[in-house]
Every structure is written in C-alpha cells, then in structure tokens.
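Assemble the complex: chain G is given as a structure, and chain R must be docked to it using the hints.
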Amino acid sequence: MELKEKLIILADCAKYDASCSSSGSTRSNNKGLGNAAYSGICHSFSSDGRCISLLKILMTNCCIFDCKYCLNRKSNNIKRATFTPEEICSLTLNFYRRNYIEGLFLSSGIIKNPDYTMNLLIETISLLRHKYHFNGYIHAKAIPGASVSLLKKLGSLVDRLSANIELPTASGLKLLAPNKNSNEITNIMSYVKNNQSRNFTPAGQSTQMIIGATNETDLDIMQKSHSLYQNYKLKRVFYSAYIPVNTDKYLPSITIPPLKREHRLYEADWLLRYYGFKVSDILDESNPNFNLLVDPKADFALRHLNEFPKEINEASYFDLLKVPGIGVTSAKRIISSRRYFTITFNDLKKMGIVLKRAKYFITCNHRYFIDKSLFKKEFLESNLILENKSLTSPKVNQLSLFE
Amino acid sequence: MNNNNIYIYNDTFLKLLSLINFLIKNHIKPLNIKSKTYKGNLFDNIINLNIKEDPKLLSNIKTNLGNNILKIMYYVYLSSEEYKELYIYYFYLNSLKYGPKVIYKRNLKCVNLSLKISKYVSNEAHKLKGFVRFQELDNHFLYSVITPTNNVISLLASHFKKRLPNENWLIHDKKRGILCLSTKNKLYFINDEELKLNVKEKETADFYTDLWCTFYKTIAIKARKNERCRANFMPKKYWQNIIEMSMNK
Chain G
1 MELKEKLIIL ADCAKYDASC SSSGSTRSNN KGLGNAAYSG ICHSFSSDGR CISLLKILMT
61 NCCIFDCKYC LNRKSNNIKR ATFTPEEICS LTLNFYRRNY IEGLFLSSGI IKNPDYTMNL
121 LIETISLLRH KYHFNGYIHA KAIPGASVSL LKKLGSLVDR LSANIELPTA SGLKLLAPNK
181 NSNEITNIMS YVKNNQSRNF TPAGQSTQMI IGATNETDLD IMQKSHSLYQ NYKLKRVFYS
241 AYIPVNTDKY LPSITIPPLK REHRLYEADW LLRYYGFKVS DILDESNPNF NLLVDPKADF
301 ALRHLNEFPK EINEASYFDL LKVPGIGVTS AKRIISSRRY FTITFNDLKK MGIVLKRAKY
361 FITCNHRYFI DKSLFKKEFL ESNLILENKS LTSPKVNQLS LFE
Chain R
1 MNNNNIYIYN DTFLKLLSLI NFLIKNHIKP LNIKSKTYKG NLFDNIINLN IKEDPKLLSN
61 IKTNLGNNIL KIMYYVYLSS EEYKELYIYY FYLNSLKYGP KVIYKRNLKC VNLSLKISKY
121 VSNEAHKLKG FVRFQELDNH FLYSVITPTN NVISLLASHF KKRLPNENWL IHDKKRGILC
181 LSTKNKLYFI NDEELKLNVK EKETADFYTD LWCTFYKTIA IKARKNERCR ANFMPKKYWQ
241 NIIEMSMNK
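Residue numbers (the numbering used here), protein chains in the order written: chain G, 1 to 403; chain R, 1 to 249.
Since the hints were made in silico from the structure, they are not lab data.
Some clues are possibly wrong.
As the list claims (entries may be wrong) - In silico negatives: residues of chain G with every beta carbon more than 10 angstroms from chain R: (1) Thr82; (2) Ser253; (3) Gly276; (4) Leu302; (5) Leu355.
Stated by the list, open to error - As a list, the in silico DMTMM-like pairs of lysine to aspartate or glutamate whose alpha-carbon atoms are at most 20 angstroms apart: (6) G/Lys332 x G/Glu314; (7) R/Lys217 x G/Glu5; (8) G/Lys233 x G/Glu184; (9) G/Lys131 x G/Glu87; (10) G/Lys235 x G/Asp269; (11) G/Lys356 x G/Glu381; (12) R/Lys225 x G/Asp48; (13) R/Lys39 x R/Asp11; (14) G/Lys224 x G/Asp281; (15) R/Lys222 x G/Glu262; (16) R/Lys217 x G/Asp48; (17) R/Lys217 x G/Glu2; (18) G/Lys4 x R/Asp210; (19) G/Lys260 x R/Glu227; (20) R/Lys127 x G/Asp48; (21) R/Lys222 x G/Asp12; (22) R/Lys105 x G/Glu314; (23) R/Lys237 x R/Asp173; (24) R/Lys15 x R/Glu82; (25) R/Lys34 x R/Glu81; (26) R/Lys15 x R/Glu81; (27) R/Lys225 x G/Asp12; (28) R/Lys236 x G/Asp48; (29) G/Lys6 x R/Asp206; (30) G/Lys6 x R/Asp210; (31) R/Lys175 x R/Glu194; (32) R/Lys217 x R/Glu227.
Ideal Cβ positions, reconstructed from N, Cα and C, are used throughout, including at glycine.
Only chain G is shown next, with the shape it has when bound in the complex:
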C-alpha cells in the first residue's frame, strides 16, 4: 500500500480525537530538529474550524476491541492499514521541517494485546527522539491495560500522555465499549499524575469524552469533569459531540451532532477552571441541563440578579469574573488600572473591554449605563437573549456617550 493511501486511512480514523493542543512544554533544541513552544502554536485550521497543530494519526486502525461508536471496531468491514515506525518518522520530520506541524499526535488501535501495541508506540517515538534527535512536541495516547513499566518508558519520551475516558459514566462505557474497563483508564491517569515532572510528560495529561451518545444530563457531565480535574490534575477535559459513524441498536439515531451543547460544556468547563465557579453555581438538580439560549455565565447572572450590578472600581477579582463579558484578561486589566485612576465607561472602552454584554451588569463610579430603574430581569433577558434592539433604541443617545 502506498504511503498516501495509508495516510488517508489513518488520519481519517484519528480525526475524532479533539485534543490538538501543543502548549505547556518547554523542551529545548538539543542540536537536532525542533523545540516546543510553551504557548503552543497552531499551524493551520481545517474547514471545520478546528486547529491543526499536530500530525494526528493512528499507528494502525486494526483493533481487537469492538467499541460501538468507533469507526475502527473489529466488526466494521473497512480498509485497514498500519504505518511502519520509519514511515511515521519521515512524515513527522518532513512536515516539521516545512513548518506544517508543531509535532506528532500518535494514537493506535489495539493489535494483538495492549503491551504489544504500546511497544510499537515506544519503538516509533524513541526512533524519533534518539535516532533523529527530534525535539518537537509529541502527544501519545496510552493504551489501557498496558503494563506500568511501558507507561513509564513512553511517558519519559513524550510531552503529553493521555487516556480517553470516552464516556461520562462507567455504565455508559460498559454499554458502548464492552472491552474497555474504566479502572484501567483511571489507573493510567493516576500514574501520570503521580509521576509528572520535567522529564515525564512535562505538558501533563488531558482526556476526552463523547457527548450525546448516552443519556447523561449536563450536570452529570460537569460533575464528572470536576472530579477529573480534582483527582488527576488534568490540563483539559475535551468534549466531543457525538457524530454517528456506525449504526447500532445501543447508539442514538441522530444526524446532527449536538454542537451547541458541546459549546456550552466548554464554556462551563472554563468557568470551573479559571473563574472560580462551582458546579452547583452553574447547574443543579432542578436545573440539570444548560440553557441553550444564553451562555452559562449570563444564565448565572440572570438567576442571581441581587448580586448585580457590580461596581467596577470596588468589586474583587472573582466578583469581576462573575460579570458576563468580562474574562480573565479584562478583570486583571481592571484591577491593575484602577489603582491609578477611577475607571469610567469611557475608560473601559479604551482599555479594550467588551461592553456588549458587560454593560448590563456593572456600574462605573456608581453610575449605570442607562436609567438604573431599567435594571430588571425582563429587560436584561430580552437584551441578552433576543438582542431585541427596539427595546434599547430610545436610549441610543445615552449609549453613544461611550462609543
């Protein structure tokens, strides 16, 4: 089989992995080829808008497992291919030299047994690192069930080592991936967490779960993510909207992937990690799914209107972060600037803080952007959700004060 045909088959199978980050590693050049950029670099963007920074391929798409949602399950009758280690090296090195990629993302179907597959991954990556002196970013997928000594070996060669949790609950995993065992996956995670250092997976680990293939609520998913972040110090949890590639009686029959839901999950994920939110702030038992009309933070603000509006010149850092439209950069900018001058709406605009939604929830120097008596739930809701301009249009003159 020609290299090109292999590449088509094995990239096509790998594309459902969401992770493409290349950040977090400071691997420097060691008289060979390449280095890692701490911030990560995106090299291209595909027509679905996802970034391409790594050469994302499978070693092989032959697999002894029969996971219902996966294109490569053994009961599917598809073309199978396997890269040789040298082929992967020449692809990686030649793409890297031409600046097409930031490094390699190597995963694999499981051939023979987990240890055998894992050894193939190790052989390939150690060729890259030791024979070709490649110092670019490498993200490898650990094979569940492989022995600890192999995990140790692989982890010391790569920048990121991860295992996919696949589904938010263990029962879902049992249903759709009967050969996988959730303990094997969490074992990998705890091993990586306990051994992470400069020489062992310096960029940490991430994981991924499929959304919408089983019937969890958004609350279940957020609680799962929260515990993953807590227990395994993950850098990221990726959510992947379920895209039907197989038909099976256990799989839902949908045609359009739940992309909006996926988007809301990512928003909430950021709120957990950087904005000081708790899962209970975002969702609860009476309200277990996201509002698809407004983002989780605006939704929180609308449900807690008694805490708003916040005074820009006095509110604490985490209070500022609760304002819809103000993020980490904006909040830090406000905190560091207000020591030197009193901030007005005009200043906020100058500082590059986006007021489109924030203006409804803040006061500057105790002044609201329009008549404060309008600060009512109905007014805010209609402006945020419907973006109904007719409601605000009589106030246009006052709006223009800071435009």
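Using the frame of chain G, we list chain R on its own:
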C-alpha cells in the same frame, strides 16, 4: 516647546530612539517624526538632525524602565501604523514620567494605543510562526514567502533560529523586500535587490507537500463544517502563502 517641524531619522530602531531621546531632553515637541524615506509635501519643515546612535541608550532604558517598556516600543516600531513614531515619542515621554507602571495608565491615549499596537504586532508574529510554509529547493534550502501587515520578520527569525538550527532557510518578506537568511545558525538580513534570488518555483509540488495537502483535506470532519470559524482563526489575507489553501483552491 511645540514646533511645526518634522524630524527625520535614519531607519533603524536605535536611531529613532536616540532622536526621540534628544528631542525630549531638549523639550522639543515635534509635529511628526518620520523615516528618511518620507517625501513630505511643500509646506513641511523637514529637519534632519543626524543624531548619532547612543550606544548606552538601550541598556539605560532596560535598567531604568525595564525590558517590557523597551519591548513595547520596539513592537510599535515594527508596526505599519502611520504615526507610530509619534506614539513611541509620547509613550517614552510618559514612561520617563511614570516609570514602569506607565503600562497601567490606559486612560492615556498614547499608552493605550501603544499597548494595543504592540499586542497586534506580537499577535501577528505568533500567528505567522504557525503559518509560515517552507518549500524545499533543489539545494535543500528551505524557502518561504510571507506578506505580513507588520514588519515581523525579525521576530520570526529568532523563533526559527532556535527551532531549525541545522537547516539552511530563507524567509522572504515580499511586501517590504527583506530577506532573512539563516545558514550555519547565523542570521543575515538582506535587501532582496542586493541578492539575486533564483528560486525555481517547482512545477509539481514535492512529495511531502502533496501528502500534507492530502492530510489537510482528510482531517476535517464534514459534519462539523464551519467556514466562518476557520476564517476567524486563519484570516484570508494569509491564504495566498499557505500551501494547503492555495493548492486546494
């Protein structure tokens, strides 16, 4: 002291800083500051003071104001803003007044603009670190063409010097006619008129370029197609030099 003079500097960052330093020390507020290529019009009072480079100036700024201030001024200098020299003048003036904390005084127009512009330049440099595409020439040199909005070639050069130390590579800014050559891990900046470049644009793409374009097409998930999102992250102005975009057209 305000005056209506336009001061001319000799096209390097250090010369510009030396001129600005001189003007500030002598309390001169210029109408404008321009590089020597500035033509001007009939009513301009153009003055060339021929200020010598002050070799200690950079280290003085570093110790007194910090690296960050110097970096901001340099990035503004690399931008293609029409009044960038004036922004640097006023930013420097305010830095002398307020010290390193000047970056928090965003209510000052010159500070706010300088920070915005320098961010814009560093963002573009970061994007291009990903979007530069080398093609391999017959003599194994790697050659790449860029047409950036801002003059970011020096920022790219230091990035690729660290990354590809054993390769010979060329980055060609066709918009400004500047070439950056790296050979034996040494950098050379050359005006592209001085070096007669004989780049044979290969008729057929090389083996790996073809594979890359194939990979690019394969990796997209059709059910998630989102052209607008792609154009947001990868603006169309860069597509002409990104091989997978210009080949797949």
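Results of checking the hints against the structure:
1. Thr82: Fine: 17 angstroms to the nearest Cβ keeps G/Thr82 off the interface.
2. Ser253: G/Ser253 is indeed farther than 10 angstroms from all Cβ atoms of chain R, at 14 angstroms.
3. Gly276: holds (23 angstroms)
4. Leu302: holds (27 angstroms)
5. Leu355: Its Cβ never comes within 10 angstroms of chain R, the nearest being 15 angstroms, so this holds.
6. G/Lys332 x G/Glu314: Status holds; Cα separation ~13 angstroms.
7. R/Lys217 x G/Glu5: holds (13 angstroms)
8. G/Lys233 x G/Glu184: With a Cα-Cα distance of about 17 angstroms, the restraint between G/Lys233 and G/Glu184 holds, given a limit of 20 angstroms.
9. G/Lys131 x G/Glu87: Answer holds: G/Lys131 to G/Glu87 is near 14 angstroms, not above 20 angstroms.
10. G/Lys235 x G/Asp269: Measuring from Cα to Cα gives roughly 11 angstroms; hence the hint holds.
11. G/Lys356 x G/Glu381: Roughly 14 angstroms between the alpha carbons, so the hint for G/Lys356 and G/Glu381 holds.
12. R/Lys225 x G/Asp48: Cα-Cα ~4 angstroms, so holds.
13. R/Lys39 x R/Asp11: Holds: R/Lys39 and R/Asp11 sit about 14 angstroms apart, inside 20 angstroms.
14. G/Lys224 x G/Asp281: holds (15 angstroms)
15. R/Lys222 x G/Glu262: Distance of about 17 angstroms is within 20 angstroms: holds.
16. R/Lys217 x G/Asp48: Judged against 20 angstroms, a Cα distance of about 11 angstroms means the pair holds.
17. R/Lys217 x G/Glu2: Between R/Lys217 and G/Glu2 the Cα gap is close to 18 angstroms, so the pair holds against 20 angstroms.
18. G/Lys4 x R/Asp210: holds (9 angstroms)
19. G/Lys260 x R/Glu227: holds (16 angstroms)
20. R/Lys127 x G/Asp48: Within the cut-off at roughly 19 angstroms; holds.
21. R/Lys222 x G/Asp12: holds (11 angstroms)
22. R/Lys105 x G/Glu314: holds (18 angstroms)
23. R/Lys237 x R/Asp173: Since the Cα atoms of R/Lys237 and R/Asp173 sit roughly 14 angstroms apart, the hinted pair holds (cutoff 20 angstroms).
24. R/Lys15 x R/Glu82: Status holds; Cα separation ~18 angstroms.
25. R/Lys34 x R/Glu81: holds (12 angstroms)
26. R/Lys15 x R/Glu81: Given pair R/Lys15, R/Glu81 holds - Cα atoms ~18 angstroms apart, limit 20 angstroms.
27. R/Lys225 x G/Asp12: Distance of about 15 angstroms is within 20 angstroms: holds.
28. R/Lys236 x G/Asp48: holds (15 angstroms)
29. G/Lys6 x R/Asp206: holds (18 angstroms)
30. G/Lys6 x R/Asp210: This hinted pair holds, its Cα atoms lying about 14 angstroms apart.
31. R/Lys175 x R/Glu194: holds (16 angstroms)
32. R/Lys217 x R/Glu227: holds (14 angstroms)
Of the numbered hints stated above, none is contradicted by the structure.
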